[in-house]
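Enquirer: Mind docking chain B on chain R? Use the hints.
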Amino acid sequence: MADFEIKDLRASVEGKEILKGVTLAINKGEVHAVMGPNGSGKSTLSHTLMGHPGYTVDGGEVIFKGQNVLALEPDERARLGMFLALQYPVVVPGISMTNFLRTALNAKRGYDGKDKSKQVTPKEFRSLLKSELEVLHMDDSFLPRYINDGFSGGEKKRAEILQMAILKPEIAILDETDSGLDIDSIKFVADAVNRMRGPDLGVLIITHYTRILQFIKPDFVHVLVDGKFVLSGGPEIADRLEKTGYSEWAEADEPAVLKPEEVA
Amino acid sequence: MATVPKVDVGTDYKEKYGFFVPEEYVFKAKRGLNPEIVKEISWMKQEPEWMTKMRLRSLEIFRKKPMPTWGADLSVIDFENIFYYLKASDKQSKTWEELPPDIKATYDRLGVPEAERKFLAGVSAQYESEVVYHSLQKELTAKGVIFTDTDSALRDHPELFKEYFGTVIPPADNKFAALNTAVWSGGSFIYVPKGVRVDIPLQAYFRINAENMGQFERTLIICDEGSFVHYIEGCTAPIYTTDSLHSAVVEIIVKKDARCRYTTIQNWSTNVFNLVTKRAMAYADATMEWVDGNLGSQITMKYPSVYLMEPGAKGDVLSVAFAGKGQHQDAGGKMIHVAPNTTSTITSKSISKAGGRTSYRGHIKMYPDAKNSKSFVKCDALLLDDESRSDTYPYNDVDAENVTLGHEATVSKVSDEQLFYLMSRGITRSEAETMIVNGFIEPFTKELPLEYAVELNRLIQLEMEGSVG
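Sequence lines, in order, name chains R and B. The first sequence begins at 1 in the numbering used here and counts up by one. The second sequence begins at 265 in the numbering used here and counts up by one.
Only chain R is shown next, with the shape it has when bound in the complex (with noise of 0.2 Å):
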C-alpha cells in the first residue's frame, strides 16, 4: 500500500467526463510527474485531487492515511497533508499574506483559537518565514502586500511555493508551475522544491513541458491523455517526450518542449 493512492478516478465538468480513470500510487520521498498535452484533464486531476466544488467525482477513490479523501473537504484535506500549488493563484483583496501564512500554519497545526500551545509563535514565524523567502529570492516587502494581488506571474508562483514550504505537506501537487516563469524563477522554485525533497514528502508534478523536468528531476513519469495514463515508467519519458512531443497519440499533435520564443 502506497502512502497516497489514487485509484479508477474519474471526474467531470459540467456533465463532461474529464477523467476517465487514472490509477496512480505515491509514496513519499517520490517524484511524480504527470505529462499531457491540452485537454488531456491536467487540471480536473489536480482539482478534483484537492476538491475544487467545481469539478464531480463519478467514481473511484483517493487513499491517504486510511481515508478515501474524496469524501473531505478542501480545508480537511490541506490538514491531512495535501497541498496544491494552483496554476493560477487566486486574488484575494484586503488580507496581508503574512496574515494568510499564519492563518493557513495555524490551522494546519490544529490551532482553533483555544489551545496556545499549538499557535505559532511571531519568533519561530518570523525565522521560517526568514529561510524561506531567501530561497525563493523573494523580499520582505512582499508579505504585507495582499493575497497575489499585483503580483508578477513569477511572484504568484514563489509564493504558491512559499505556502508549500511553511505548510510542510506530505503530498504535494504542483499545477503548471513552470507556465509563464521566465528561467531564474523556475530555477528558485526548483531549488526550493528540492530543497524539500526528501523521505518526508511525495510529490506530484503536472506539467505541459518537460522543462522544469530538467531542474526537479521525478523518479516516475505518467503521460496523460484525453483523461487516461496512457504510459508510465521512468525519468527516460520525459526525454522522449522531449523529442516527439505528443504525436505519439494522435489526437495530441503537440510538442512537450517550449519552441524558443515561447521561452519568457
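Source of the hints: derived by calculation from the structure; they are not laboratory data. Because the structure is a prediction, the values reported are computed rather than measured. Honestly, I wouldn't trust all of these hints.
To be verified - Here are the simulated lysine to any residue pairs, SDA-like style, with alpha carbons at most 25 Å apart:
(1) B:710 / R:149
(2) R:118 / B:679
(3) B:520 / B:679
(4) B:677 / R:54
(5) B:710 / R:145
(6) R:123 / B:680
(7) R:156 / B:520
(8) R:16 / B:680
(9) R:16 / B:679
Expert: Same frame as chain R, but now just chain B:
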C-alpha cells in the same frame, strides 16, 4: 490587518457583549411622549428656560411631521411604548473609583479602563441616558479643550452651547431630529480652541441597557480655526427581545483650516431602530471625515453629511454596513457643495448575509457657486448568498459649471475560487469567509485605531458565525 482573535461564542459573546446588569435607576420616566414628560425631563435636568421651550417646540414639530416613507419601513415603531429618559446615577463621577459598582462592572467587562490606560485622553462613557463617567487628562484641560457630556456643557458653558446648539441640524430638519431635540439626553460635547491639535482620539462608549428605552443622545463638536480632533464612539449593545429606538443627533462645526474626524462603530442589538442624523459644516480649507461602521440593529438609517460652505472645504465619508437576517442597513452619505473648489468623497462598503438587506443612499448637491468642485462616490457591495440584497440610490443635483462628479458601484459575491484557495491551505470554510469579508472592508478597518480594528474584525467574525442577535 491585525489577526482576528478567536471568540468562543457560547461564553465570550454573552460575557462581553450580551451581559446584563440589574437595573438600579434613580429615576425612571413613564413610557410615552407628551409635553408633560418633555417638561419633566427638562426640569429634572434643571435646564434654562430656552431649552425647555426648544424641547416643547421640537415636540410639536415631531408630531406634525409625517413618518418618512422613502427609506426603510419604520411603521412598526410604537412611540408611546418607549421610555424617553432614564438617569442611571444621580451624580456625575470624576474618577473611576467613584463609579457605582454595577456600572463599573459593566465597563470593566467592556475594557474601558485598559483602553484608558493605553491611550485615552478622556472617557465619556454613556450609560443609559446620561453620561456617568467622565475624565479628562490634565494637558487637555490646560489647552482649553472642553470634552464633556452634553448636559454638563449646557450647564457649564451656556453661551458657547447656545451659540451652536441646533444650528447645524435644526429641529425642523426631519422628524427624528425633532424627536431628538425634544427628548435629548447625554452625548458628548467637544470644543477645541484655535490652533489646538488633540493628538489622541477622544472616545466614548455607549450602551443601552434598559428594555424599551429610547436613547437620544446629542453630540456637538466645535473645531475652531486650525484645530484638529478625532472623536470615536463605539457601541456594543446587549440583546433584548422588545423593540428599542436609538435616535441620535450629531452636529459638527469645522472652522477654517481645521480638521475633524468622527469614527463610529455601532453594533446595536438586532431589535434596535437606529435612526441618526449626522451633519457637519466645513468652512474654508477645513476637512471633515466621517468613518462610520454599522453592524447590528434591525433598521439603520444614517447618512452622515458635510456642508462644504467655503472654498477649499473637503468632506469624506467612509462607511461599512453589515446586514444579517432580518436586518436592513440603509446608509450612505450626503455632500452639499455650496462654495467653489470644494471636494468630497463617499466610499461605501456593504455586506449582506442570510437575507439581510443593505442600501446605499447618497446625495451629491452642487449649488451654482460650487465651481471647480469635485465629488467621487464609490459603493461596493458584497453578497454572501442568493437570498441577500443590495441596492444603490444615488441622487445627484448639479447646478454648477465646471465640476467633476464620479460614481462607481460594484456588486460581488464571495467567489468559489477565493474560498477554495483559502480552504486548500487548511483554513475552514467559515474562517475563510470571515477572512474574505474582513479583506473586503479592509480599506475601512485600516482607518481605525488598532483596538477598534481588532474589535471590528471580531464582530464580523461573530456576525459570520451567525451568532449575533
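Enquirer: With a cut-off of 25 Å on the C-alpha distance, tell me whether residue 123 (chain R) and residue 680 (chain B) pass.
Expert: Since the Cα atoms of residue 123 (chain R) and residue 680 (chain B) sit roughly 34 Å apart, the hinted pair is violated (cutoff 25 Å).
Enquirer: Given the hinted pair residue 118 (chain R) and residue 679 (chain B), is their Cα-Cα distance within 25 Å?
Expert: With Cα atoms ~30 Å apart, residue 118 (chain R) and residue 679 (chain B) exceed 25 Å; violated.
Enquirer: Does the structure keep residue 16 (chain R) and residue 679 (chain B) at a Cα separation of 25 Å or less?
Expert: Satisfied, since the Cα-Cα distance of roughly 23 Å is no more than 25 Å.
Enquirer: With the threshold set at 25 Å, check whether the alpha-carbon distance from residue 156 (chain R) to residue 520 (chain B) stays at or below it.
Expert: Violated: residue 156 (chain R) and residue 520 (chain B) sit about 48 Å apart, past 25 Å.
Enquirer: Under the criterion that the straight-line Cα-Cα distance not exceed 25 Å, is the pair residue 16 (chain R), residue 680 (chain B) satisfied?
Expert: Roughly 20 Å between the alpha carbons, so the hint for residue 16 (chain R) and residue 680 (chain B) holds.
Enquirer: Need the status of pair residue 710 (chain B), residue 145 (chain R): alpha-carbon distance at most 25 Å?
Expert: holds, 14 Å
Enquirer: So if I understand the rule, the pair passes when the alpha-carbon distance is 25 Å or less; does residue 677 (chain B) with residue 54 (chain R) pass?
Expert: At roughly 16 Å apart (the allowed maximum being 25 Å), residue 54 (chain R) and residue 677 (chain B) satisfy the hint.
Enquirer: Holds or violated: residue 520 (chain B) with residue 679 (chain B), Cα cutoff 25 Å?
Expert: violated, 46 Å
Enquirer: Does residue 710 (chain B) pair with residue 149 (chain R) here, judged by a C-alpha cut-off of 25 Å?
Expert: holds, 17 Å
Violation of the numbered hints given earlier is confined to hints 2, 3, 6, 7; the remaining hints are satisfied by the structure.
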